[in-house]
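Visitor: Using the sequences and the hints given, assemble the complete structure.
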Amino acid sequence: MSKVRVLVGTRKGAFILTSDGKREKWDVTGPHFAGWEMYHLKGSPSDPNRIYASQTSGWFGQIIQVSKDGGKTWDAPGGGMPAPGDGGMPPKISNKFVYDTSGETGKPLTTHQWYDGTQHPWEFKRVWHLEPSLTDPDTVYAGVEDAAIFRSSDGGKSWHELAGLRGHGTGPKWQPGAGGMCLHTIILDPSNPKRIFIAISAAGAFRTDNGGKNWKPINRGLHSQYIPDPNAEVGHCVHHVAMNPKRPNVLFMQKHWDIMRSDDAGDSWKEVSGNIPTDFGFVIDIHAHEPDTIYVVPIKSDSEHFVPEGKLRVYRSRSGGNEWEALTKGLPQKDCYVNVLRDAMAVDSLDKCGVYFGTTGGQVYASADAGDTWAPIVRDLPAVYSVEVQTLS
Amino acid sequence: MTIRVELPQHLRTLAKVGREVQLEVQAPVTLRSVLDALEAHHPVLRGTIRDHVTLQRRAFLRFFACEEDLSHHSTDTPLPDAVASGKEPLLIIGAIAGG
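In the order they appear, the protein sequences are chains A and B.
Using our numbering, the letters of the first sequence map in sequence onto residues -10 to 382.
Using our numbering, the letters of the second sequence map in sequence onto residues 338 to 436.
Source of the hints: derived by calculation from the structure; they are not laboratory data.
Hints are not guaranteed to be accurate.
As the list claims (entries may be wrong) - Straight-line C-alpha distance at most 30 Å; calculated DSS-like pairs for lysine-lysine: (1) Lys85/A <-> Lys353/B; (2) Lys353/B <-> Lys146/A; (3) Lys353/B <-> Lys1/A; (4) Lys114/A <-> Lys424/B.
Claimed, not checked - If we take Cβ atoms under 7 Å as the criterion, some of the chain A residues that face chain B in the derived model are: (5) Trp63; (6) Ala65; (7) Ile82; (8) Lys85.
Claimed, not checked - From the derived model, a few chain A residues whose C-beta atoms are all more than 12 Å from chain B: (9) Thr99; (10) Gly201; (11) Asp252; (12) Leu339; (13) Asp340.
Glycine included, each C-beta is placed from N, C-alpha and C at the ideal position.
Guide: What follows is the structure, encoded as structure tokens:
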């Protein structure tokens, strides 16, 4: 029988929730890495027991953790003593993220725009998002703050920047949002191993078609009133992007304001906010089996980061946008003032599709019927940063 | 010489050690030589106390010993004799902050 494993990153540790295919009763383990900020955990599609986790702290910096047994035990790869057969070679350093400044593969370290408009050098802060390869459990991508993408091909022991992204030339126009200048979204195209989509707050979305060597901004059609040129090539605060693997040329985006859709792999975008009451938000995700069924959680505004009217409502569109319905059954409809952060929604691939999201109030809600009804599967956790789901056979 | 180092709780958990670790360090015993030895024995701590590249102390950590704040001393300054002799530990302290 199928099982579901939900990986939850919170402000004070990680939690792993498991259930059978009915998704009615849940076992909770954790906190793993208690007291640390767990920005993101994600399992390898090619080896579901391989899970990568980003563990970070304002005091002690960045740690990468890896589990090879589905989250029962963890190890910081490369953090142990040299093995006897290593010939005394020092171990690799799994938490070392150094921007590429080499003349051969990168370009001299560039600057980005600081809050006051001056130029500021790139400084590594933390890993926001880990995206394991679709085919190789030892290969994983990391989206980091200050914005850049790194790749490990040795199971997280060492990391190398795909420097062509920052080398694109628009870097001096990128700027941090209130949460920092983070690369928070990485999407691997299952139909084209050379194509990767990423998104940065606040620079916008980018795409490579040659495995990360060269990148181009894909922001045509985005309109942002809060930047000097609302239609600029870069500078847009993209909050999250989602793709259904069955239709990889169609992307959905939750921007700072506006819900957007692209039917040409990001070459152009059109707004599909339609009848939604507020189109500000962070998360966006897509039904596993119905590529035109989209989920968002509207947030009141950019200055009031909580759900409107004290009501926690997921909005679903079954028409690929524009026409939205509020999903409320089982969700609090009074005195609720939580947020749902950009990586805190995910779907399983069971039939019916399960939808999951976590709140800054520490609840993780699940729907086993594609959003028609909801129930908290755990509550009173620390603020939830991220939710990922694995469907296990 | 056997040097004693006390770690903050999160680094003890990360390195899978107790409150205090003991390290063999050649004279002269300095902050740099103690941290080099600590990271050599516990590579998972590399980058958690000082930056990988610049080797600068992370901003929210402090080095105390013998009731003295050594955080702003040169890392090549010899540590107090009581630390070098193992009588007193070098304390690595996380800044106090709420939340």
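Visitor: Are the hints correct? Go through all of them and say.
Guide: These are the hints, each one checked on the structure:
1. Lys85/A <-> Lys353/B: Cα-Cα ~20 Å, so holds.
2. Lys353/B <-> Lys146/A: OK: Lys353/B and Lys146/A at ~19 Å, within 30 Å.
3. Lys353/B <-> Lys1/A: Status holds; Cα separation ~19 Å.
4. Lys114/A <-> Lys424/B: Given that 30 Å is the threshold and the Cα spacing comes to 37 Å, the pair is violated.
5. Trp63: violated, 11 Å
6. Ala65: Constraint on Ala65/A satisfied, holds at 5 Å.
7. Ile82: holds, 6 Å
8. Lys85: Nearest chain B Cβ about 5 Å off; hint holds.
9. Thr99: The claim stands: Thr99/A keeps its Cβ more than 12 Å from every Cβ of chain B (closest is about 17 Å).
10. Gly201: Answer for Gly201/A: holds, closest chain B Cβ roughly 23 Å.
11. Asp252: Holds, since 43 Å exceeds 12 Å.
12. Leu339: holds, 36 Å
13. Asp340: holds, 41 Å
Of the hints listed earlier, those the structure fails to meet are numbers 4, 5, in rising order.
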